[in-house]
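Work out the full structure, taking the sequences as your base and the hints as a guide.
Chains as they are written, first to last, in this note's numbering: chain A, 113 to 269; chain B, -14 to 103; chain C, 13 to 130.
Quick caveat, the hints were computed from the structure, so don't treat them as lab data.
Since we're looking at a predicted model, the values are computed, not measured.
Take these hints with a grain of salt, some might be off.
[As the list claims (entries may be wrong)] Think about it this way: if two alpha-carbon atoms lie no more than 27 Å apart in a straight line, the pair counts; the simulated DSS-like pairs of lysine-lysine are: (1) LYS263(A) <-> LYS177(A); (2) LYS105(C) <-> LYS237(A); (3) LYS263(A) <-> LYS167(A); (4) LYS194(A) <-> LYS262(A); (5) LYS105(C) <-> LYS198(A); (6) LYS167(A) <-> LYS237(A).
[Claimed, not checked] Pulled from the structure, derived: some chain A residues nowhere near chain C, Cβ distances all over 10 Å: (7) ALA123; (8) ALA143; (9) TRP150; (10) ILE152; (11) SER170; (12) VAL190; (13) LEU197; (14) GLY200; (15) ILE244; (16) GLU266.
[Unchecked claim] Chain C regions said to be covered by chain B (calculated; three or more residues, Cβ under 8 Å): (17) 19 to 25; (18) 30 to 43.
Ideal placement from N, C-alpha and C gives every residue a C-beta, glycine not left out.
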Amino acid sequence: MRPAVIVALFALVWLAVSGSFTIPNLLLGLAAGALSLWLIRGHIQLDGRRVRPLKVLSLVLLFIKELALSAWKVAVLVASPKMALKPGIFAFPLTVDRDFEITLLANLITLTPGTLSVDVSEDRKVLYVHAIDCSDPAAARRDIANGFEKKIMEAFR
Amino acid sequence: MGAETILSAASTLALGLMCVAFFLTAWRVIRGPTLPDRIVALDMLVAIAIGFIAVIAIRTGFNLYIDIAIALGLVGFLATVAFARFVLSHGMSEDGEDPALVPDRPQRGKGRRKGRAR
Amino acid sequence: MLDLVLALIVAVMLVAGGIFVFLAALGIVRLPDVYTRMHAASKAGTVGSGLMLFAAGIHSLDIAIFMRAFAGFVFFVLTAPVGAHLLARAAHKAGYRLARVSTVDEMRDSERRDAKKR
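What follows is the structure in structure tokens.
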């Protein structure tokens, strides 16, 4: 995304949160957005790559659905009198390679039912994932590769 | 049954549930056994406190509480990050019991954790 | 009539949030090691208190306050996995092992392989 688009988004969020839709407030929001973008300039990669809004929206919807589902699954697991636990950490080979995409994938994995991302290897090729039910790591790997990773590739490539 | 009654009953129920949750989590903070366990529990205490503040905001109708809840969430996240860095730099504390080294009883109901008492 | 529907929605969200928070606390007490406890805290706990904050936003009937509550909710949902990931990583690097019931730990395996190579 271009810096101007990001600043506009920040200003929009500012307007929504502060709750007064006036011109001075919009200018203040733009200034605050530009300032915060300037503060983190060294930590993000700004490139002109295209983002597909519809696919991003579908990713957000998937995110919400998985969040609700995972909270439900954990709640049911904890509430059941006899917890059938087979936890473990498995390695997931990454196809996405940009920092931003890895972050997004790690966050999504954490919110999937029963999985929590622990670490990325130093060469950024492997993501270590802790799973509450790790009896079949191969199936878990397949699920992530065909689900979230594919969606992220569709939205940001 | 009016709207007020429903809201009052629901918020009382939520407060009760969270009270129990608060004590359970506090037990984990005290009990440990390791530092990360306590940090996770403290993080959870912040989440419960946010819930408390939200319910109080509904009960009293004083909406400024929501801003306080957001501020608490920010502080709680920063605290967790700071604690994580501390664990990373400090390494394993010597008093922490390592769950993998302590023999676990076979998975059978309640008595499972008793083998780990000091 | 609208009052009643609104009160019902808020009440349901409050009670659901309370139940989620309670179950998360129960999970923190019952689960065997710090990594599995993190699952409970970062998912059920966040969703629970987030629901309550959301309910408070709806109850206020003010778009500005609702947006603020919504922003807080989004913030919690985004930071909870980050915090959990940081803490899990720090704990694993510091040497806290998984509980006995765990099946595999491919992260420790790869660390051992690296150590052998050097």
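Each hint, compared with the structure:
no., hint, verdict
1, LYS263(A) <-> LYS177(A), "holds, 14 Å"
2, LYS105(C) <-> LYS237(A), "holds, 18 Å"
3, LYS263(A) <-> LYS167(A), "holds, 8 Å"
4, LYS194(A) <-> LYS262(A), "violated, 36 Å"
5, LYS105(C) <-> LYS198(A), "holds, 21 Å"
6, LYS167(A) <-> LYS237(A), "holds, 25 Å"
7, ALA123, "holds, 14 Å"
8, ALA143, "holds, 19 Å"
9, TRP150, "holds, 21 Å"
10, ILE152, "holds, 15 Å"
11, SER170, "holds, 17 Å"
12, VAL190, "violated, 4 Å"
13, LEU197, "violated, 5 Å"
14, GLY200, "violated, 4 Å"
15, ILE244, "violated, 5 Å"
16, GLU266, "holds, 21 Å"
17, 19 to 25, "holds (count 5)"
18, 30 to 43, "holds (count 9)"
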